[in-house]
Amino acid sequence: MNRIPWIVVVLAAGLSTEALAGEPLPARVQETVRQAEAAGLPAGPFEAKAQEGLAKGVPEDRVEALLLQMRERMREADRALGELARGSDRAELLQAATRARTAGASGEGLAEAARHTHRVAAMWCLGDLLGAGVGEREALRLVTQASQEGDPAGRYREMVAAMQRMQGLGMGPAAAAHQMSQTMARGQPPLAAVPEQAGGPARSGGDADHGAGQGGGSEGQGN
Amino acid sequence: MKEDRTGIGSALDVHTAPQGLLTRALARHRRSPAAGRWTWLLAAATLAVGFVVGRWSVPPPEPTAVAERAPAAGVVPVRLVCVQQGATQAAVAGSWNDWNPGATPMVRVADDVFATTVLLERGRHEYMFVVDGHTWTPDLAAATWVDDGFGHRNAVIEL
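Just so you know, the protein sequences line up as chains A and B, in that order. Count the first sequence with the numbering used here and you get residues 2 to 224, in order. Count the second sequence with the numbering used here and you get residues 438 to 596, in order.
Don't read these hints as lab results, they were simulated from the structure. There could be a bad hint or two in this list.
[Said to hold, decoys possible] Which bits of chain A does chain B cover? Going by a derived footprint, with three or more residues having C-beta under 8 Å, they are:
id	region
1	46-53
2	121-135
3	156-165
For each residue, glycine too, the CB sits at the ideal point set by N, CA and C.
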């Protein structure tokens with residue numbers, strides 16, 4: 002009888018990081034994901050968000066609450082997009098549309114973004130601009146303007162980066178959006194709209210080298 | 438009967454005690470009334486430590502050969518750099534590795550500087566740095582960020 006705990010000790014000491022890393026999602030979270038899938042929504046974005054939250058040490062009930070909110074927003078986006086939501090990129094489009102919807106996009110706004118070229122990137126751009134505080138009408142105008150450029154996907158990326166840089170310099174979202182629109186109308190890239198006080202011309206959006214990330218103080222997440 | 442020169446034998450039943458220091462110690466342990474209780478406690482404590490270590494430990498950084506291989510079509514190599522004063526190790530957790538810091542450790546390239554190159558498919562990716570195995574830190578040098586819905590800031594890469 003006394004052998005049993007010793008066997009447990011040996012097994013526990015032998016557990017590796019890899020053995021514990023692949024643990025399944027908690028039952029309540031799994032149920033939320035299952036319900037979303039039963040409603041015709043892609044399970045991937047929910048599983049990914051759940052995994053993200055749990056990995057960051059977020060309490061299970063907060064993760065579940067976010068997933069429930071996400072499910073509602075995605076349902077609204079799916080209804081608003083209707084036939085536009087069909088296609089091989091349905092999961093990515095709905096994920097981006099959920100983000101835009103959460104940031105305040107209307108059904109009409111979602112449908113308009115979904116009609117642009119590189120529609121998933123356009124939808125993410127709409128959501129990021131709305132999240133930065135740009136009004137929907139102005140955000141859609143910018144997305145439309147970028148979609149008419151030679152490299153729409155690149156322009157979408159640059160617009161969001163330029164917006165965040167200008168806001169970091171203290172510019173309001175409306176002023177930043179206006180300046181960016183005028184810059185693009187002159188045939189210049191969005192990052193050229195960032196004032197020179199930022200340190201000169203910004204990098205091109207095609208640069209895949211992300212520079213040093215100063216971890217300024219821990220966010221103290223985890224156990 | 439052999440003379441006990443170690444002083445241990447006084448606690449043993451000299452007619453049944455096995456030979457050897459370890460076996461004599463185990464036999465002594467088995468006879469202790471609290472042996473079963475302490476053993477279970479030790480088992481539980483070891484399980485708890487194993488669970489915590491398993492969840493949060495980051496394996497030692499290994500030099501990555503990723504940048505030396507030609508990437509497959511549609512895959513883009515992205516260099517990520519983390520500067521964190523006083524850190525002993527760093528890793529990247531993001532949407533491409535199921536937010537598992539153990540999957541993408543970074544290599545120390547200078548004092549307080551860690552780097553790695555990841556191969557990412559075209560599309561949108563979000564990530565954070567994980568410092569010393571437990572501190573989630575945003576990449577403040579990223580071009581774009583987004584609220585993750587949990588109060589953190591994810592860096593965004595769109596390729």
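Flag every earlier hint the structure violates by its number, smallest first. none
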